[in-house]
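*Asks:* Which chain is which? The protein sequence lines are A and B, in order.
No gaps in the numbering here: position 44 of the first sequence is 44 in our numbering, and each next residue is one more.
Each number in our numbering comes from the position in the second sequence (counting from 1) with 112 added on.
None of these hints come from the bench; they were simulated from the model.
Be a bit skeptical, because a hint or two may be false.
Said to hold, decoys possible - Pairs of lysine to any residue residues, derived as SDA-like cross-links and limited to a Cα-Cα distance of at most 20 Å, are as follows: (1) A:Lys65 to A:Val21; (2) A:Lys17 to A:Lys69; (3) A:Lys65 to A:Met50; (4) A:Lys57 to B:Gly113; (5) B:Lys168 to B:Glu154; (6) B:Lys164 to B:Phe130; (7) B:Lys164 to A:Gly100; (8) A:Lys57 to B:Ser115; (9) A:Lys69 to A:Glu30; (10) B:Lys172 to B:Asn114; (11) B:Lys172 to A:Gln96; (12) B:Lys168 to B:Asn134; (13) A:Lys57 to B:Thr222; (14) A:Lys65 to B:Thr222; (15) B:Lys172 to A:Gly100; (16) B:Lys180 to B:Thr136; (17) A:Lys18 to A:Leu88; (18) A:Lys17 to A:Glu30; (19) A:Lys18 to A:Asn84; (20) A:Lys57 to B:Gly121; (21) B:Lys168 to B:Ala139; (22) B:Lys164 to B:Ala139; (23) A:Lys71 to A:Gln3; (24) A:Lys57 to B:Ser197; (25) B:Lys164 to A:Asn84; (26) A:Lys71 to B:Ser115; (27) B:Lys168 to A:Gly100; (28) B:Lys180 to B:Thr222.
What the hints assert, rightly or not - Computed, partial: chain A to chain B, Cβ under 8 Å: (29) Tyr10; (30) Gly40; (31) Gly42; (32) Val52; (33) Gly63; (34) Tyr64; (35) Thr86; (36) Tyr101; (37) Phe103; (38) Gly104.
These numbers come from a predicted model, not from an experiment.
Don't be surprised by glycine CBs; every beta carbon is placed ideally from N, CA and C.
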Amino acid sequence: EAQVTQNPRYLITVTGKKLTVTCSQNMNHEYMSWYRQDPGLGLRQIYYSMNVEVTDKGDVPEGYKVSRKEKRNFPLILESPSPNQTSLYFCASSLQGPYGYTFGSGTRLTVV
Amino acid sequence: GNSVTQMEGPVTLSEEAFLTINCTYTATGYPSLFWYVQYPGEGLQLLLKATKADDKGSNKGFEATYRKETTSFHLEKGSVQVSDSAVYFCALSDRTSGSRLTFGEGTQLTVNP
């Protein structure tokens, strides 16, 4: 089944403790992206990647890192999480840019 | 910059009612327009899209027409069902923004039996 898989689905952590949210897609898509969803703000892009080793900042990149060492994986790294990064995070992938992104099921992160 | 404005929610309808969710946009180029749907506890799914002016996207009984003159892409359905209850997002992308999707804030739709 074609899908984008994120892990974990839920995560509660403490301020400053480094964490990684994994994202994997099995569709050989070139484009991958991370979004955060917050009430009243909709979805905002954090980082995106157009291919292996090619990444760029989205609208809200501060406090996040990404890497794209292989086509299928696009992990999101929070080196020192803070409470304002409490949010619902989505990974997405696409064969041709934004034309029909496939989204993962989401990761609900709480930073206390 | 690009922006998308959706009608404020939440929207509550009875089954078989007519649905309209308004969406207007601002873009510097010639954007492609999308509607995504998010069912409870799930990720977003592409519902329909239109890539040029006057195109009509349609899927699962939903329709939206790309109106360049009014910079709008309103979502409509003639007869909603309880299973349509979800959050609906209008979004756009244009060639200058590459892979970036700009989303509206989302509209919560609840359909009662």
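*Asks:* Indicate, hint by hint, whether the structure satisfies it.
*Replies:* Outcome of the hint check:
1. Straight-line distance between C-alpha atoms of lysine 65 of chain A and valine 21 of chain A comes to about 11 Å, which keeps the hinted pair within the 20 Å bound.
2. Distance restraint check for lysine 17 of chain A and lysine 69 of chain A: the Cα-Cα separation of roughly 23 Å exceeds the 20 Å cut-off, and the hinted pair is therefore not satisfied.
3. For the given pair, lysine 65 of chain A sits about 15 Å from methionine 50 of chain A by alpha-carbon distance, which is consistent with the 20 Å threshold.
4. Restraint check for lysine 57 of chain A and glycine 113 of chain B: satisfied, since their Cα atoms lie roughly 16 Å apart, inside the 20 Å limit.
5. Straight-line distance between C-alpha atoms of lysine 168 of chain B and glutamate 154 of chain B comes to about 26 Å, which puts the hinted pair past the 20 Å bound.
6. Note on lysine 164 of chain B and phenylalanine 130 of chain B: the hinted pairing is violated, with a Cα-Cα distance of about 26 Å set against a maximum of 20 Å.
7. With a C-alpha separation of about 15 Å, the suggested pair lysine 164 of chain B and glycine 100 of chain A falls inside the 20 Å cut-off, and the hint holds.
8. Our distance criterion of 20 Å between C-alpha atoms is met by lysine 57 of chain A and serine 115 of chain B, whose separation comes to about 18 Å.
9. A threshold of 20 Å between alpha carbons decides the hint, and for lysine 69 of chain A with glutamate 30 of chain A the separation of about 12 Å falls inside it, so the pair holds.
10. For the suggested pair lysine 172 of chain B and asparagine 114 of chain B, the alpha carbons sit about 28 Å apart, so the restraint of at most 20 Å is broken.
11. Pair hint lysine 172 of chain B plus glutamine 96 of chain A does not hold up; C-alpha atoms about 23 Å apart against a cutoff of 20 Å.
12. Between lysine 168 of chain B and asparagine 134 of chain B, the direct Cα distance comes to roughly 15 Å. Compliance with the 20 Å bound is thereby established for this hinted pair.
13. With a C-alpha separation of about 35 Å, the suggested pairing of lysine 57 of chain A with threonine 222 of chain B is violated against the 20 Å cut-off.
14. For the hint pairing lysine 65 of chain A with threonine 222 of chain B, the CA-to-CA distance comes to about 37 Å; that exceeds 20 Å, so the pair is violated.
15. Our distance criterion of 20 Å between C-alpha atoms is met by lysine 172 of chain B and glycine 100 of chain A, whose separation comes to about 16 Å.
16. Pair hint lysine 180 of chain B plus threonine 136 of chain B holds up; C-alpha atoms about 10 Å apart against a cutoff of 20 Å.
17. Proposed proximity of lysine 18 of chain A and leucine 88 of chain A is supported: the alpha carbons are some 17 Å apart, at most 20 Å.
18. For the proposed pair lysine 17 of chain A and glutamate 30 of chain A, the alpha carbon gap of about 31 Å is over 20 Å, so the pair is violated.
19. This hinted pair checks out: lysine 18 of chain A and asparagine 84 of chain A have alpha carbons roughly 15 Å apart, not beyond 20 Å.
20. Note on lysine 57 of chain A and glycine 121 of chain B: the hinted pairing is violated, with a Cα-Cα distance of about 30 Å set against a maximum of 20 Å.
21. In summary, the hint linking lysine 168 of chain B to alanine 139 of chain B is supported, as the alpha carbons are separated by about 19 Å, within the 20 Å threshold.
22. Between lysine 164 of chain B and alanine 139 of chain B the alpha-carbon distance is near 13 Å, which keeps this suggested pair within the 20 Å criterion.
23. With a CA separation close to 14 Å, the supplied pair lysine 71 of chain A and glutamine 3 of chain A stays within the 20 Å bound.
24. Proximity of lysine 57 of chain A to serine 197 of chain B is assessed by CA-CA distance (about 33 Å); at most 20 Å being required, the pair is judged violated.
25. Taking the CA atoms of lysine 164 of chain B and asparagine 84 of chain A, the gap is near 38 Å; set against the 20 Å cutoff, the hint is violated.
26. Restraint check for lysine 71 of chain A and serine 115 of chain B: not satisfied, since their Cα atoms lie roughly 30 Å apart, outside the 20 Å limit.
27. Distance hint between lysine 168 of chain B and glycine 100 of chain A is fulfilled; the C-alpha atoms sit about 16 Å from each other, no more than 20 Å.
28. Taking the CA atoms of lysine 180 of chain B and threonine 222 of chain B, the gap is near 29 Å; set against the 20 Å cutoff, the hint is violated.
29. Hint status for tyrosine 10 of chain A relative to chain B: violated, with the closest Cβ pair at about 11 Å, above 8 Å.
30. Taken as an interface hint, glycine 40 of chain A checks out: its beta carbon lies about 6 Å from the nearest beta carbon of chain B, inside 8 Å.
31. Taking 8 Å as the C-beta cut-off, the interface hint given for glycine 42 of chain A holds, the closest approach to chain B being about 4 Å.
32. Annotation: valine 52 of chain A was flagged as interfacial toward chain B, and the flag is violated, the nearest CB pair being 14 Å apart, outside 8 Å.
33. For glycine 63 of chain A, the interface hint is violated, since its Cβ never comes within 8 Å of a Cβ in chain B; the closest pair sits about 19 Å apart.
34. For the restraint placing tyrosine 64 of chain A at the interface with chain B, the shortest Cβ-Cβ distance is roughly 16 Å, beyond the 8 Å limit, so the hint is violated.
35. With 8 Å as the threshold, the beta carbon of threonine 86 of chain A stays out of range of chain B, its nearest partner Cβ sitting at about 18 Å, so the hint is violated.
36. A cut of 8 Å between beta carbons decides the hint on tyrosine 101 of chain A: the least distance to chain B is about 7 Å, and the hint holds.
37. Interface restraint check for phenylalanine 103 of chain A: the shortest CB-CB distance to chain B comes to about 4 Å, inside 8 Å, so the restraint holds.
38. Proximity of glycine 104 of chain A to chain B holds as hinted, the smallest CB-CB distance being about 5 Å (cut-off 8 Å).
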